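Trainee: Residue numbers (my numbering), protein chains in the order written: chain A, 1 to 91; chain U, 1 to 298.
By construction, these hints were calculated from the structure, which means they are not laboratory data. All values reported here derive from a predicted model rather than from experimental measurement. Think of the CB as a built atom: it goes at the ideal place given N, C-alpha and C, for glycine as much as any other residue. Be a bit skeptical, because a hint or two may be false.
What the hints assert, rightly or not - Here are some of the chain A residues that sit facing chain U, going by a computed Cβ distance under 7 Å:
{"no.": "1", "residue": "Ser-14"}
{"no.": "2", "residue": "Phe-18"}
{"no.": "3", "residue": "Asp-52"}
{"no.": "4", "residue": "Gln-53"}
{"no.": "5", "residue": "Gly-55"}
{"no.": "6", "residue": "Thr-72"}
{"no.": "7", "residue": "Ala-75"}
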Amino acid sequence: MKVDKKARAGTLESGDLFVTIEPSEKLEISLESPVKDQYGDAILQTVRELLDQWGVESGRITLADQGALDCTIRARLTTALRRAGSQGDKS
Amino acid sequence: MRRSLLFIPGNRPNMIQNGEVLPADALIFDLEDSVVAQDKDAARDLVAQALSSLDFGSRERLVRINGMDTGLAGADLDAMVGSGVDTILLPKVMGAGTVEEAASLLEHAERAHDRQVGSTSIVALLETALGIERAFEVAGASPRVTGLALGGEDLSADLGCSRTREGWEIFYSRSRLVLAAKAHGLDALDTPFIDVHDLEGCRLDTLFAKQLGFTGKLCISPFHLEVIHQAFMPGKEEIDYARALILAMKESEALGQGALSFRGRMIDPPVLRQAQRMLELAGLAGLPLDEEADHDQG
């Protein structure tokens with residue numbers, strides 16, 4: 001999937017994840033989280049798994065985590081990816 | 001058992017994860033009224049992921065999808081069936097056609113996701129004058145329908161009347177829905193009590209609904225759960241009667257007898273089912289069920 005346009009999903013409420021995706025020539029992922037020291041690696045692993053599933057090879061992914069569970073991370077990233085792509089779905 | 005069915009907004013992760021510990025009998029993840037138009041896709045993704053990965057124990061997991069006339073229902077149903085939802089709360093049901101259309105989409109989704117055809121049930125939410133008038137045909141529209149629920153707020157708007165604490169403006173609609181549901185052997189689920197802080201009002205509203213024949217109540221606040229459960233709790237006399245009746249029935253069966261007469265009254269299957277439900281409710285409250293009880297058979 002190609003990131004064609006800027007898209008957002010999620011909120012900054014407790015337990016949520018706010019995701020921003022923008023077109024970029026390379027893949028860049030940045031994470032802010034109050035639990036980054038404890039769970040940062042696990043969050044990024046989930047994100048990379050999902051990006052692989054969607055075939056995303058480039059794009060700027062900004063993650064503002066508010067203590068989201070794994071299922072919330074997957075849901076918010078999925079929504080943002082769908083909104084950012086021209087295909088409207090996985091490709 | 002559906003005494004309490006608690007709505008949880010479908011785009012609020014913290015509320016969804018709280019559903020793992022809330023003592024409701026059933027959870028309704030809402031994709032409809034509590035979700036703004038621009039976040040319908042986000043709520044669908046979030047609820048689907050939650051259903052796939054969170055542990056809600058033995059609670060029934062319902063999802064209120066968007067209406068069949070919104071253009072969103074097909075995607076909602078497909079995602080929820082793919083995530084293993086138990087039951088669809090189908091809003092704005094106007095007649096048998098609404099249920100039949102949803103049932104057809106469910107069958108398609110179940111085949112696509114390798115789920116048993118017919119495994120997803122439907123609770124039909126009646127919230128318009130036309131829907132109430134057609135309650136009986138809705139109840140019999142599909143074997144998937146396991147309950148009828150009343151949406152009192154939208155109904156009142158459709159009727160052009162104001163909701164009151166006493167609820168007499170929806171009295172006829174409540175009774176109509178109960179009759180239709182019971183005629184088809186379905187659950188009758190009452191409209192939520194919407195004043196979150198008025199626990200006494202919720203208690204009285206629930207007792208009134210129980211008296212009319214409702215078997216459970218929709219709920220918009222966790223604060224109402226205990227009140228609803230208490231209101232649906234049978235009294236000691238009811239429990240004692242049910243316990244004695246069941247015991248008499250077992251003895252009658254052991255003796256190979258047919259029709260059962262109990263305390264001067266012929267007992268038929270609906271009375272037995274009612275007694276069994278009483279004991280189920282008592283069991284949920286942790287009351288003892290195995291005490292010997294006096295009875296006079298014959």
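Trainee: None of the hints should be skipped; say for each whether it holds.
Mentor: Now the hints, each set against the structure:
1. Ser-14: 5 Å, holds
2. Phe-18: 11 Å, violated
3. Asp-52: Given a least distance of 17 Å, the restraint on A:Asp-52 is violated.
4. Gln-53: 13 Å, violated
5. Gly-55: 18 Å, violated
6. Thr-72: Status holds, d = 4 Å.
7. Ala-75: With a minimum Cβ separation of about 4 Å from chain U (threshold 7 Å), the hint on A:Ala-75 holds.
Violated hints, listed in ascending order, are 2, 3, 4, 5; each of the other numbered hints is respected by the structure.
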